[in-house]
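Student: Can you build the whole structure from these sequences, using the hints too?
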Amino acid sequence: MPAIFPRWTNNIPLAVAVLGPFALAGLVGFVWYYFSPKYTDVGYRPIQPVPFSHKLHAGDMGMDCRYCHNTVERAAVAAVPPAATCMNCHSLVKTDSPRLKLVRDSFETGETIPWVRVHQLPDFAFFDHRPHLAAGVGCSSCHGRIDQMTIVEMDQPLSMGWCLECHRNPEPNLRPVDQITNMAWDPATDGKAYDAAKDPKRKRDVNPPEHCSGCHR
Amino acid sequence: MARTNQIQAIALCLGTLGALAGCQGNRSELPPVHLINQMDFQQRFDAQEVNEFFQTVDCAKAHNPNQCEGRAARLPLAGTVAVGQLHDDDELYRGRGPDGRLLDRLPAAIKLSTELMARGEERYNIYCQPCHDYTGGGQGVATQRGGGFSVAPKNLNDPQIRAMPLGHFFDVITNGKGTMMPYAAQIPAQDRWAISVWVRTLQVARTPEEAK
Numbered sequence: 127m128p129a130i131f132p133r134w135t136n137n138i139p140l141a142v143a144v145l146g147p148f149a150l151a152g153l154v155g156f157v158w159y160y161f162s163p164k165y166t167d168v169g170y171r172p173i174q175p176v177p178f179s180h181k182l183h184a185g186d187m188g189m190d191c192r193y194c195h196n197t198v199e200r201a202a203v204a205a206v207p208p209a210a211t212c213m214n215c216h217s218l219v220k221t222d223s224p225r226l227k228l229v230r231d232s233f234e235t236g237e238t239i240p241w242v243r244v245h246q247l248p249d250f251a252f253f254d255h256r257p258h259l260a261a262g263v264g265c266s267s268c269h270g271r272i273d274q275m276t277i278v279e280m281d282q283p284l285s286m287g288w289c290l291e292c293h294r295n296p297e298p299n300l301r302p303v304d305q306i307t308n309m310a311w312d313p314a315t316d317g318k319a320y321d322a323a324k325d326p327k328r329k330r331d332v333n334p335p336e337h338c339s340g341c342h343r
Numbered sequence: 002m003a004r005t006n007q008i009q010a011i012a013l014c015l016g017t018l019g020a021l022a023g024c025q026g027n028r029s030e031l032p033p034v035h036l037i038n039q040m041d042f043q044q045r046f047d048a049q050e051v052n053e054f055f056q057t058v059d060c061a062k063a064h065n066p067n068q069c070e071g072r073a074a075r076l077p078l079a080g081t082v083a084v085g086q087l088h089d090d091d092e093l094y095r096g097r098g099p100d101g102r103l104l105d106r107l108p109a110a111i112k113l114s115t116e117l118m119a120r121g122e123e124r125y126n127i128y129c130q131p132c133h134d135y136t137g138g139g140q141g142v143a144t145q146r147g148g149g150f151s152v153a154p155k156n157l158n159d160p161q162i163r164a165m166p167l168g169h170f171f172d173v174i175t176n177g178k179g180t181m182m183p184y185a186a187q188i189p190a191q192d193r194w195a196i197s198v199w200v201r202t203l204q205v206a207r208t209p210e211e212a213k
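Protein sequence lines, in the order shown, are assigned to chains C and S.
If you read the first sequence in the working numbering, its first letter stands for residue 127, the second for the next number, and so on.
If you read the second sequence in the working numbering, its first letter stands for residue 2, the second for the next number, and so on.
Don't read these hints as lab results, they were simulated from the structure.
Hints are all accurate, no fakes.
Each computed EDC-like pair below joins lysine to aspartate or glutamate, with the alpha-carbon atoms no more than 20 Å apart: (1) C:Lys327 / S:Glu122; (2) C:Lys329 / C:Glu199; (3) C:Lys329 / S:Glu116; (4) C:Lys227 / S:Glu70; (5) C:Lys164 / S:Asp41; (6) C:Lys329 / C:Asp304; (7) C:Lys181 / S:Glu30; (8) C:Lys164 / S:Glu30; (9) C:Lys327 / S:Glu123; (10) C:Lys318 / C:Glu297.
Pulled a few chain S residues facing chain C out of the computed Cβ check, cut under 10 Å: (11) Leu15; (12) Ala22; (13) Gly23; (14) Gly26; (15) Pro33; (16) His35; (17) Asp41; (18) Gln44; (19) Arg72; (20) Gln145; (21) Phe150; (22) Val152; (23) Pro154; (24) Ile188; (25) Pro189.
It should be emphasised that the depicted structure is a prediction, and the values quoted were computed from it without experimental measurement.
Glycine included, every Cβ here is placed at the ideal spot set by N, Cα and C.
Tutor: Below is the structure:
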């Protein structure tokens, strides 16, 4: 009676024993690298209906973030401005630019400009800008150097692990409250020189929540 | 030999796969992957989101322009006032006294303080400085680019403007004037008064000694 399994099958257990761990490690590494929001989310930069350049307005012209995103200190969201905010200047400058046609039409008719949302947290996480600004977390800490972006992209993963990294140790990401919109603030140099605990303008310690219901309600 | 070829082929496949998948942080126009879609996008609306229900109405047939533009946020009906939004303090919200004339002082609800002036400076530098510049001279950065403004912003240090009552600046910020658009929607009333105080401060600081 001939053997059911040919002789080379004797190598299978050995091959599994030797290659198996590598395959497993490869799979774990693959999931670790490619399933991370650092891969799936960072670098997302949708094409917007109006080619608005933050590099021009916030960078070269040095306009404050809050000129347009004026709700950020008063509401949970930093709202996208209405066309009326654009028209404050663009009724007087670049008044017939074809790139601004959608803005002018929106201002005239009240139709919505279909801006594409870049930073979107899952609906089960309740983020509020106000306490973050009040604690002295700068815009650029989460949104990156918006003043250098012609097309806005996600700079940070905005994942739960990333949030908790700062909630467990907020000190390196704090700055004086009057510097929150300063895009050039460098945590490596300015941040090192600043000690939130010794800032006389701070009325209470920063104490970010680490419990579930801090963000999930 | 055959084995080396196999290993090379596998390495090549893995390398190609890696190159196709790219690295962390690569730029992409593709939206982020949502592994649990129904939890990430629940049956509720975020601020400024689209509500498709309101896009189904034909704008030409809508009773109310509010019905057809597809916004999840609804505008209040005409003539309704939300709690706390009556704004019946004429001094604070319109800058006018009982005689209907513009105030030349702060409204009773606001006290002059160093905090108010610091707030005014900060708010001025956010909302006014792009056109009127840091000193009120009307040479702001927005007027220097893209061909310039067709009508230049006012120099706030003009003797004519310096002679205006404090309420005038509040009124102009609130309602606009000439080619300047109203800023009432962008700046709360208290901050508009703080800015008015700062405008006055700039004017006083830049008034020549002999004119004081």
